[in-house]
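Chemist: Assemble the complex: chain A is given as a structure, and chain B must be docked to it using the hints.
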Amino acid sequence: MLKGIRNDFPVLKNNPGLIYLDSAASTQKPAAVLEAMDHFYRFDYANIHRGLYRLSERATERYESARKHIARFIHAGTPESLVFTRNATESLNLIAATIGEQMVNEGDEIVVTIMEHHANFVPWQQLAAEKGATLKVVGIDRDTLELDMTELESAITDKTRLVCCTMASNVLGTTPNVAEVTRLSKKHGALTVFDAAQFVPHHTLDISTFDPDFLVLSGHKMLAVDGFGVLYGKSEHLATMPPYMTGGDMIENVTIEKTSYSEPPQKFEAGTPFMGGAISLHAAIDYLEKIGLDRIQAHETKLAKLADEKLRALGKVRLYRKPEHIHNGILPFNVEGIHPHDVATILGDMDICVRAGHHCAQPLIHFMDEMAMVRASFYLYNTEKDVDRLIAGIQKTLEVFHK
Amino acid sequence: MSTQLDNMYRDLILDHYEHPRNCHELDNANGTEEGFNPLCGDHVDIKFEQKDGKIIDISVCTKGCAICTASGSIMSGILKGLPVEETEKLVTEVKAYLKGERDVKISNWPETLQALSGVRKFPIRIKCALLPWTTAELALKRSDG
Numbered sequence: 000m001l002k003g004i005r006n007d008f009p010v011l012k013n014n015p016g017l018i019y020l021d022s023a024a025s026t027q028k029p030a031a032v033l034e035a036m037d038h039f040y041r042f043d044y045a046n047i048h049r050g051l052y053r054l055s056e057r058a059t060e061r062y063e064s065a066r067k068h069i070a071r072f073i074h075a076g077t078p079e080s081l082v083f084t085r086n087a088t089e090s091l092n093l094i095a096a097t098i099g100e101q102m103v104n105e106g107d108e109i110v111v112t113i114m115e116h117h118a119n120f121v122p123w124q125q126l127a128a129e130k131g132a133t134l135k136v137v138g139i140d141r142d143t144l145e146l147d148m149t150e151l152e153s154a155i156t157d158k159t160r161l162v163c164c165t166m167a168s169n170v171l172g173t174t175p176n177v178a179e180v181t182r183l184s185k186k187h188g189a190l191t192v193f194d195a196a197q198f199v200p201h202h203t204l205d206i207s208t209f210d211p212d213f214l215v216l217s218g219h220k221m222l223a224v225d226g227f228g229v230l231y232g233k234s235e236h237l238a239t240m241p242p243y244m245t246g247g248d249m250i251e252n253v254t255i256e257k258t259s260y261s262e263p264p265q266k267f268e269a270g271t272p273f274m275g276g277a278i279s280l281h282a283a284i285d286y287l288e289k290i291g292l293d294r295i296q297a298h299e300t301k302l303a304k305l306a307d308e309k310l311r312a313l314g315k316v317r318l319y320r321k322p323e324h325i326h327n328g329i330l331p332f333n334v335e336g337i338h339p340h341d342v343a344t345i346l347g348d349m350d351i352c353v354r355a356g357h358h359c360a361q362p363l364i365h366f367m368d369e370m371a372m373v374r375a376s377f378y379l380y381n382t383e384k385d386v387d388r389l390i391a392g393i394q395k396t397l398e399v400f401h402k
Numbered sequence: 000m001s002t003q004l005d006n007m008y009r010d011l012i013l014d015h016y017e018h019p020r021n022c023h024e025l026d027n028a029n030g031t032e033e034g035f036n037p038l039c040g041d042h043v044d045i046k047f048e049q050k051d052g053k054i055i056d057i058s059v060c061t062k063g064c065a066i067c068t069a070s071g072s073i074m075s076g077i078l079k080g081l082p083v084e085e086t087e088k089l090v091t092e093v094k095a096y097l098k099g100e101r102d103v104k105i106s107n108w109p110e111t112l113q114a115l116s117g118v119r120k121f122p123i124r125i126k127c128a129l130l131p132w133t134t135a136e137l138a139l140k141r142s143d144g
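As you go down the protein sequences, you meet chains A and B in turn. 402 is the number that numbering that gives the first Met the number 0 gives the last residue of the first sequence; the numbers go up by one with no jumps. 144 is the number that numbering that gives the first Met the number 0 gives the last residue of the second sequence; the numbers go up by one with no jumps.
Chain A on its own, in the form it takes in the complex (with noise of 0.2 Å):
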């Protein structure tokens, strides 16, 4: 187990009394994240890849540095085969506003799946529609909760053009086999666009494991600030893809007539970028290498077992993910006869941070034939503690509704 990491984290040192249990949706910062940027506004900060001077030209290595470094960590391969955006929601917008607008027509298919976050389903289901193209929707296994890997190969054909498909659900904590998917695509010439904004905080990710076309991730969810993401295209697309935006830091050269773009990723990050995320990430993922992806996916898995057993315990909850399907820090469940929003505002009362609702993913909380879940998600910085508390807040729950 990981010991004494809550102390690294200055919102909750500075809230003893928080078990903060919605990590799924954004992490907490280290204060090693905070000082990184504080010390890059307070000794490095020039606008980038423009100045004439050593200010501007260190500003512009350190922004550029954390593309080297995200790459390394995430196996990418070049540093220019990634994009900053604001977030893996603008990453997955650009795709499908370039190459997506580019290569779908009407009568082919877009094949999602049922776990999708509306990020990575609302923008396939409208170019869909706008384009007259198909929007397959691939199911899940009701028992393990694991993508149906049947229906997903029937689902793809030739006529199939992009298929898009999450690494680790938001809800479930699913993580579907990214190397059969891009098998399966790959066969009938379909594109794959990966969401790891779930999965990256929380696994090893290896791309040149599986050879997607693109990949999307969010820095605030995995110890970096919010407003910043990162959007993986291999080379070859990216070289082709129309901008997204237009205006400063991408063009080549711009005449009354017309305009050349500079070349990716330069292309795709119209106007002054968001550097301080840039730098956040970069000490995110030293902090994250440095305690070891490995050794955080064990604790924060133990914990949701552990919570888990002793939800069940309680004989008033329904759990959705079989104890052995669980190997990350998400888990959802429900107290029986009590609405989710309830449960979160008792729990909320006793300072146990969980999410209800739908997650955010509608598709899958009706496929679940539920109305909203309740959603604890542990992560490095939670103890065994916290999932007393948040037994104890459960009891609570139970008791108030007389149950």
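Hints in this document: simulated from the structure, not taken from any laboratory. A couple of the hints might just be wrong.
Here are the simulated DMTMM-like pairs of lysine to aspartate or glutamate, each with C-alpha atoms no more than 20 Å apart in a straight line [unchecked claim]:
(1) Lys395/A <-> Asp10/B
(2) Lys185/A <-> Asp210/A
(3) Lys67/A <-> Asp205/A
(4) Lys53/B <-> Glu84/B
(5) Lys120/B <-> Asp348/A
(6) Lys126/B <-> Glu32/B
(7) Lys402/A <-> Asp5/B
(8) Lys140/B <-> Glu92/B
(9) Lys120/B <-> Asp10/B
(10) Lys62/B <-> Glu335/A
(11) Lys395/A <-> Asp14/B
(12) Lys309/A <-> Glu288/A
(13) Lys62/B <-> Glu369/A
(14) Lys315/A <-> Glu17/B
(15) Lys120/B <-> Glu323/A
(16) Lys395/A <-> Asp5/B
(17) Lys126/B <-> Glu256/A
(18) Lys402/A <-> Glu32/B
(19) Lys2/A <-> Asp293/A
(20) Lys130/A <-> Glu105/A
(21) Lys120/B <-> Asp5/B
(22) Lys395/A <-> Glu17/B
(23) Lys12/A <-> Glu383/A
(24) Lys402/A <-> Asp10/B
(25) Lys62/B <-> Asp368/A
(26) Lys402/A <-> Glu17/B
On a predicted model such as this, the values are computed, not experimentally measured, just so you know.
Modeler: Then chain B, alone, in the frame of chain A:
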């Protein structure tokens, strides 16, 4: 647990949650409306029959949290038999009170309605309590009675 929470989940509210009143078929409905709370999936289905300027029957069926369900159930009991004009006035008043927009004297409200006051300390839950009332308001506006 805080007294604020106690105050919101008082027994009267929990009773209306466990046993919501007035959810039934209404064959002669001349006002209907559905309301959704996209945040938590609360859903309210309101039907009423008005005749000679009066709500003579009402059905409120809710799928949602304790606060939304209780609010709808309490509302159904109060609106049944009320003149339409007074109904409109009360709906406006309850909305203003729950949102904290202005001072509303609630001491002359029925006790069941006063029980909703606890929700005002939980800003994110006010929407839950409001949903039946805003839905009723729309139903009234669209009704052909």
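Chemist: For every hint, state whether the structure bears it out.
Modeler: The hints, checked one at a time:
no.: 1; hint: Lys395/A <-> Asp10/B; verdict: 15 Å, holds
no.: 2; hint: Lys185/A <-> Asp210/A; verdict: 10 Å, holds
no.: 3; hint: Lys67/A <-> Asp205/A; verdict: 15 Å, holds
no.: 4; hint: Lys53/B <-> Glu84/B; verdict: 8 Å, holds
no.: 5; hint: Lys120/B <-> Asp348/A; verdict: 11 Å, holds
no.: 6; hint: Lys126/B <-> Glu32/B; verdict: 17 Å, holds
no.: 7; hint: Lys402/A <-> Asp5/B; verdict: 16 Å, holds
no.: 8; hint: Lys140/B <-> Glu92/B; verdict: 16 Å, holds
no.: 9; hint: Lys120/B <-> Asp10/B; verdict: 17 Å, holds
no.: 10; hint: Lys62/B <-> Glu335/A; verdict: 15 Å, holds
no.: 11; hint: Lys395/A <-> Asp14/B; verdict: 18 Å, holds
no.: 12; hint: Lys309/A <-> Glu288/A; verdict: 31 Å, violated
no.: 13; hint: Lys62/B <-> Glu369/A; verdict: 11 Å, holds
no.: 14; hint: Lys315/A <-> Glu17/B; verdict: 16 Å, holds
no.: 15; hint: Lys120/B <-> Glu323/A; verdict: 41 Å, violated
no.: 16; hint: Lys395/A <-> Asp5/B; verdict: 12 Å, holds
no.: 17; hint: Lys126/B <-> Glu256/A; verdict: 53 Å, violated
no.: 18; hint: Lys402/A <-> Glu32/B; verdict: 33 Å, violated
no.: 19; hint: Lys2/A <-> Asp293/A; verdict: 15 Å, holds
no.: 20; hint: Lys130/A <-> Glu105/A; verdict: 5 Å, holds
no.: 21; hint: Lys120/B <-> Asp5/B; verdict: 11 Å, holds
no.: 22; hint: Lys395/A <-> Glu17/B; verdict: 18 Å, holds
no.: 23; hint: Lys12/A <-> Glu383/A; verdict: 17 Å, holds
no.: 24; hint: Lys402/A <-> Asp10/B; verdict: 13 Å, holds
no.: 25; hint: Lys62/B <-> Asp368/A; verdict: 13 Å, holds
no.: 26; hint: Lys402/A <-> Glu17/B; verdict: 11 Å, holds
When each numbered hint is compared with the structure, violations occur for hints 12, 15, 17, 18.
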